[in-house]
Structures are given as structure tokens and as C-alpha cells.
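Protein chains: 2
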Amino acid sequence: MKLYGVPGSICTTRVLVTAAEKGLDKTQLQHIPVDISAGDQKKPQYLAIQVPALQDGDLTLFESRAVIRYLADKYEGQGTPLYGSSNRDRALVEQWLEVESHNFNPHISIVLNELVFTMSRGEDPDTKLVTTHYERLDRVLDVYEAHLSRQKYLAGDFFSLADLSHLPTIFYLIRVAKKPNVIFRRPHVLTWWQLISNRPAWKAIAPSIMTVTKQPKTASTSA
Amino acid sequence: MKLYGVPGSICTTRVLVTAAEKGLDKTQLQHIPVDISAGDQKKPQYLAIQVPALQDGDLTLFESRAVIRYLADKYEGQGTPLYGSSNRDRALVEQWLEVESHNFNPHISIVLNELVFTMSRGEDPDTKLVTTHYERLDRVLDVYEAHLSRQKYLAGDFFSLADLSHLPTIFYLIRVAKKPNVIFRRPHVLTWWQLISNRPAWKAIAPSIMTVTKQPKTASTSA
Numbered sequence: 017m018k019l020y021g022v023p024g025s026i027c028t029t030r031v032l033v034t035a036a037e038k039g040l041d042k043t044q045l046q047h048i049p050v051d052i053s054a055g056d057q058k059k060p061q062y063l064a065i066q067v068p069a070l071q072d073g074d075l076t077l078f079e080s081r082a083v084i085r086y087l088a089d090k091y092e093g094q095g096t097p098l099y100g101s102s103n104r105d106r107a108l109v110e111q112w113l114e115v116e117s118h119n120f121n122p123h124i125s126i127v128l129n130e131l132v133f134t135m136s137r138g139e140d141p142d143t144k145l146v147t148t149h150y151e152r153l154d155r156v157l158d159v160y161e162a163h164l165s166r167q168k169y170l171a172g173d174f175f176s177l178a179d180l181s182h183l184p185t186i187f188y189l190i191r192v193a194k195k196p197n198v199i200f201r202r203p204h205v206l207t208w209w210q211l212i213s214n215r216p217a218w219k220a221i222a223p224s225i226m227t228v229t230k231q232p233k234t235a236s237t238s239a
Numbered sequence: 017m018k019l020y021g022v023p024g025s026i027c028t029t030r031v032l033v034t035a036a037e038k039g040l041d042k043t044q045l046q047h048i049p050v051d052i053s054a055g056d057q058k059k060p061q062y063l064a065i066q067v068p069a070l071q072d073g074d075l076t077l078f079e080s081r082a083v084i085r086y087l088a089d090k091y092e093g094q095g096t097p098l099y100g101s102s103n104r105d106r107a108l109v110e111q112w113l114e115v116e117s118h119n120f121n122p123h124i125s126i127v128l129n130e131l132v133f134t135m136s137r138g139e140d141p142d143t144k145l146v147t148t149h150y151e152r153l154d155r156v157l158d159v160y161e162a163h164l165s166r167q168k169y170l171a172g173d174f175f176s177l178a179d180l181s182h183l184p185t186i187f188y189l190i191r192v193a194k195k196p197n198v199i200f201r202r203p204h205v206l207t208w209w210q211l212i213s214n215r216p217a218w219k220a221i222a223p224s225i226m227t228v229t230k231q232p233k234t235a236s237t238s239a
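So the protein lines, in turn, are chains G and W.
Quick note: the first sequence uses my numbering, first residue 17, plus one each step.
Quick note: the second sequence uses my numbering, first residue 17, plus one each step.
Next comes chain G alone, as it looks inside the complex (with noise of 0.2 Å):
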């Protein structure tokens, strides 16, 4: 399989991280570097796609998040389960899927833009609009707080896509942006997070982050 992605970007990390999870190596998933600085995604061989995208014989799929279900299914008796081990586990894994899609996601990647890619680019953050989100991600950090505070992982006892679906932002955030607080000022996401960001898979990704971040142009939110 290849992987075409932005090196760093974090739809691209959330892929690699999956195929770390699934122990994958490079013989099996090969990361292509698609270079937006450099204008790649309007040379001839990528017009047809959108990065990240996953090629797998005849197969072309885009969108992280379904990319990521894929590996997992398809490696489900390889490496760490990442469904659970049922069909109410999986369940609870896509609801946090979509609570991560729908109500976290938007505000930290609108955070994110402002403070690490627009800046980036050399423009001024709106530093209302990452006020405003700050504060949105804030509530909806509320709700993980109280759910962590009675199961370890977000989907159960059991690490999950849902946990994995939110690395590259929190780290984004805490690392690049500098924004830690709405982490670290909740003991029960905290804890979580230690322990998501521990992991051998994680461990072995994210220093691409911090290398892409000195060369920030290359960095980007896209899907």
C-alpha cells in the first residue's frame, strides 16, 4: 500500500499512527511525501487525488478518518485491536469517532489554523476566533473530563480509534501551538492523554511533527 500525504500535516500522522498501531512496516504501507510547498498536489500524478489518500491495488481511498477504519479492519488480527472486541465496543468507538469529528475537531483545528498554519504563512492569527474556539473546545473538554473520570479510554477499557483519532491535534496543541491548558488543567483528560501519548506507536510518529514544524510551510490541516 502508499500512502500520498503532507509529511507532519495531521490527517497524514493519523494515518501513520494507525499503521504503527497495526505494526506495519514500510514494505507494507510506504509513505509518499506529497510536498505542498512545492506545489505537488497540482503535478499531473496527483490531480486526480486529494492527500492524504491510501492506494491499495485498485483501491483509492481518501479522507483520514476512513482511512484509518480501513486499517483497521483490515488488519483487525494484527497488532492492537482497535475496535475492541465486539459489536457494542465498536459501537462506542464510532460514537466517540463522532464526537471527535463533530464536536472536538472543529474547534481545535480552527485553533490550530489561526495559531500554527496561518501564522506559519507569516499572516496575523485572528485572535478572536481562536478565543471564541478555545473556549468551545474548553465545554467540550467538560464532557470528556466527566466520561474519563469513570473508564479509562474514551470507547471503554480498551484503547481505540476514537483515543488514536485525537493524537495529532492534542499534540499539535500542546507541543507546536503551546496551548496545553485545557489539557492539563483536567486531571481525568490529563491521564488520558499521558497515557495515549505513550504509547511505543505514538512515540515513533510524533517526532516527524516537531521536524516539519522548523520548516512550517509544509505543515497543513487538510483532510
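Just so you know, the hints here were simulated from the structure itself, not pulled from any lab data.
Watch out, some of these pointers could steer you wrong.
One copy or two, either will do: identical chains are not told apart, so a pair holds if it fits within one copy or between any two.
As the list claims (entries may be wrong) - Derived lysine-lysine pairs resembling DSBU-like cross-links, with alpha carbons at most 35 Å apart:
1. 42 <-> 144
2. 168 <-> 18
3. 18 <-> 90
Since chain G is already given, all that's left is putting chain W on it; use the hints.
Chain W alone, transformed into the frame defined by chain G:
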């Protein structure tokens, strides 16, 4: 199973049409109507749940797109197969569920919120907001038109959860908001819409929307 949901709401309807495609009857899935205009959601028995919520034994599941995935898996061998017939099919269904959720729904739901739900509360719609998001919806549908010129349904040559997930919002747009132009002026999108809206499951469910919109205060865009 019990489904707690506002009758005629977009998200409740999404779940009910899935149940209908799976051939579930009222002994298998009982719809418990929640009446927001009567303050039902503040009553003690509803305080711990969002609506719509599916209750199946000790599992309580929120988020309509998580609930429809759960029903599609739980009743995999019954009624319409809603994920196709292979991992590849399933991946493409997930891709188009993501497109519906991230590219299509944000715009159509703002248009519907202004033209249907805001107006039903006796407030004036924000016409600038309607124009902006109707135009964005129009551009998203350019992608659908090109895609549907090459295949019958969104994920391939089979009806799936991805098509189904569009039914309530497009129905509201055409029949309640009376803004059908973005659908009707595109021949392949129109053919697709006619195909999916003429399915017996949808024809059985759709009249409930028309009944409810005559008592507009009970309609809602809640997830």
C-alpha cells in the same frame, strides 16, 4: 431496542430509515418520541442522554451516524446490506459517509436551520448565511455530479449507508425549505436522488417529516 428521538428530526429520521432498510418492525425497534417543545429533554429520564439515542440492553448509543453503523453491523445478514459486500466496499462507504458528514452536511444543515428551524420559531432567517452556504453546497454537489456520472451510487453500484445518510437533509431541502435547484439542475445527482428516495424504506418514513413540519416547533437539527 428503543430509539429515543424527536419525531421528524433529521437525525432520528436517519436512524429510522436504516431500521426500515433492515426490515426491523416495532417489536424490534420501538421509537419513543421525545417532544422538545414540551421540555421532554429536561425530564429526569432523559437528562443522561442526548437525542437521538439508541438503547439496546445495557448499551446506550448517541450520534446518529454511529447508531446507523451499529444497526448495519448488527443486522448484517438481514434486509439491505448497507456496507456492500467486501472490505473494499465498506471502505468506500466510510469515505462517502465522511464526505457527507464533513463536506455536505455542514452547508445543508445551516441552510435548513435558517430556512426551516429558525423560521419555525418565528425568527427571521439570516439570508446572507443562507446564500453563502447554499453556494458552498452547490460547489460540493459539483463533485457529486462528476462522481455520479461514473457510478450509480456514492460508494459503487450498490445502495449503502452513505447514500442513506443524505436522505433526510435533501428531503427537507426539496420539500420543506423548497430549495431544490442544487439537486434538480444536475442530471446525475437528480437521477441518484430519484433512485434513493423511491426506495420503499424511505417512502415509508418520509411522510412522518411532512406530518411533523405542520407542527414546526418539534423539528430539530440536533445530532
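These are the hints, each one checked on the structure:
Within a single copy, residue 42 and residue 144 get their C-alpha atoms no closer than 43 Å, and across copies no closer than 50 Å, so neither meets the 35 Å cut-off. In this assembly of identical chains, residue 168 and residue 18 lie within 35 Å of each other by CA distance both inside one copy and across copies; the values are 34 Å within and 28 Å between. Taking the closest pair of Cα atoms, residue 18 and residue 90 come within 35 Å of each other both inside a single copy (15 Å) and across two copies (32 Å).
Of the hints listed earlier, the one the structure fails to meet is number 1.
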